[in-house]
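Sequence lines, in order, name chains A and B. Letter by letter, the first sequence follows residues 1 to 238 in our numbering. Letter by letter, the second sequence follows residues 1 to 238 in our numbering.
Hints are computed from structural coordinates only; laboratory data are not their basis. You may find that some hints are simply not true.
If chains are identical, the list can't say which one is meant, so a pair holds when it fits in one copy or spans any two.
Said to hold, decoys possible - As a list, the in silico DSS-like pairs of lysine-lysine whose alpha-carbon atoms are at most 30 Å apart:
hint: 1; residue 1: Lys203; residue 2: Lys141
hint: 2; residue 1: Lys79; residue 2: Lys141
hint: 3; residue 1: Lys188; residue 2: Lys95
hint: 4; residue 1: Lys141; residue 2: Lys188
hint: 5; residue 1: Lys203; residue 2: Lys36
hint: 6; residue 1: Lys188; residue 2: Lys14
hint: 7; residue 1: Lys177; residue 2: Lys152
hint: 8; residue 1: Lys152; residue 2: Lys183
hint: 9; residue 1: Lys49; residue 2: Lys183
2 protein chains.
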Amino acid sequence: MIKKITSASNPLIKELIKLKSVRERKETNSFIVEGKDMVDFCYENNMVKFIISDQEQSAYQCDQIIVPTFILEKISSNKSVPSLMALSFYKEENKALGNKIVYLDGVQDPGNVGTIIRTALAFGYDDVILSIDSASKYNEKTIVSSKGAIFKIIPRDNLTIDQLKELGYYIIVTSLKGAIPYKEVSKKDKFVLVLGNEGQGVKEENILKADVVTKIAIENIDSLNVAIAGAILMNEYR
Amino acid sequence: MIKKITSASNPLIKELIKLKSVRERKETNSFIVEGKDMVDFCYENNMVKFIISDQEQSAYQCDQIIVPTFILEKISSNKSVPSLMALSFYKEENKALGNKIVYLDGVQDPGNVGTIIRTALAFGYDDVILSIDSASKYNEKTIVSSKGAIFKIIPRDNLTIDQLKELGYYIIVTSLKGAIPYKEVSKKDKFVLVLGNEGQGVKEENILKADVVTKIAIENIDSLNVAIAGAILMNEYR
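Working from the sequences, and respecting the hints, build out all of it.
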């Protein structure tokens, strides 16, 4: 169905504008993606509710709303407003947890979270779990920096390290306090790699739950970026 | 010397405001850093010309200018304006090129460039070289995302791959078209690791100059983030 809307006070448009707020996105499990690349990533993964554009888009077999440019500007979160957007949603994940999991314990920069999801997908990890204090999967920067990976490996946010331990996962925590060089960690079939906050690292309470606390040797500087450290470890244990 | 300035039309303040432009920073080899962490990184590396603050800062033994908040706001490039900044500069690098070099061929995102510099320093690389079409070392995001590493491993921008080849460096190019898995690249004492643009990768002309073209095996997605790929290779060849 293709629908033209020309008024910014239309109730649907008002709903779309509200979705600039991450909280609103979370509550409604819906978010706007902007630009052809992002729309295509969502579309390929059947996560588009409808297309939003200033003209009919024949490439997409789904509902569309056509709006004037000033409404696109109101809906967009970006300075340069694209003429193609989509209202999208995350499908419910019903599949069982896989064997190779990355757990983000308070990773706050959405660019880091998105990059870690992209890397996890590229290295064949099954799941990414976000602690409640990590950047949200609804944050636009998380979505954009994942380069579409987030639509294939939708992060979960309802599991604790205690629960994962009970499920028999081997818990590998990375910390500057780690004693074991990362190449010496014994390989397990079923494991969780825990990465921590940019400033504080993994929370002390979660370090205590680890089966092994490991580190990457560095020189000249205090720390690596968390997405960089995560990538080196994901690559080693993949 | 401590100097109070209260007018935004003061010539020095006008110069400082101009430094929001990367071109102006480049031409004058000077840039503003904002916030205590960044100021401290510069100060420790003797790259502060003077401190800019709304009050005297007894922690720093160097020239200071004291200005009201509205002038700090004019100088700052950030939404949340810190009360401590510094005018900084890059020292001229007179030391000879080291053996382990990272060359960025058109890496455009300053966050990626900064993160690569941070990783290069952490893994003991000697030099980072930026092609003319890479993000500038004067870009504020490059500086901030390097977490101070850029003051210790100041990127060079006056060397081509041809020159490096003539100097006897082994040229390792990473490309999705690469045939050699990265772990099979033979280790050399003196080498250059070439990383390419986020979208296009390393330029074709530079791929042709490589001694080896290597790749990291990935699945499910087209590519890794360049700072991630770079980190895995830097770690392997360090």
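Outcome of the hint check:
no.	hint	verdict
1	Lys203 to Lys141	both (24 Å within a copy, 28 Å between copies)
2	Lys79 to Lys141	both (14 Å within a copy, 18 Å between copies)
3	Lys188 to Lys95	within (22 Å within a copy, 46 Å between copies)
4	Lys141 to Lys188	neither (33 Å within a copy, 39 Å between copies)
5	Lys203 to Lys36	between (39 Å within a copy, 25 Å between copies)
6	Lys188 to Lys14	neither (50 Å within a copy, 61 Å between copies)
7	Lys177 to Lys152	between (33 Å within a copy, 24 Å between copies)
8	Lys152 to Lys183	both (29 Å within a copy, 28 Å between copies)
9	Lys49 to Lys183	neither (45 Å within a copy, 44 Å between copies)
Comparing the model with each earlier hint shows violations of hints 4, 6 and 9; every other hint is respected.
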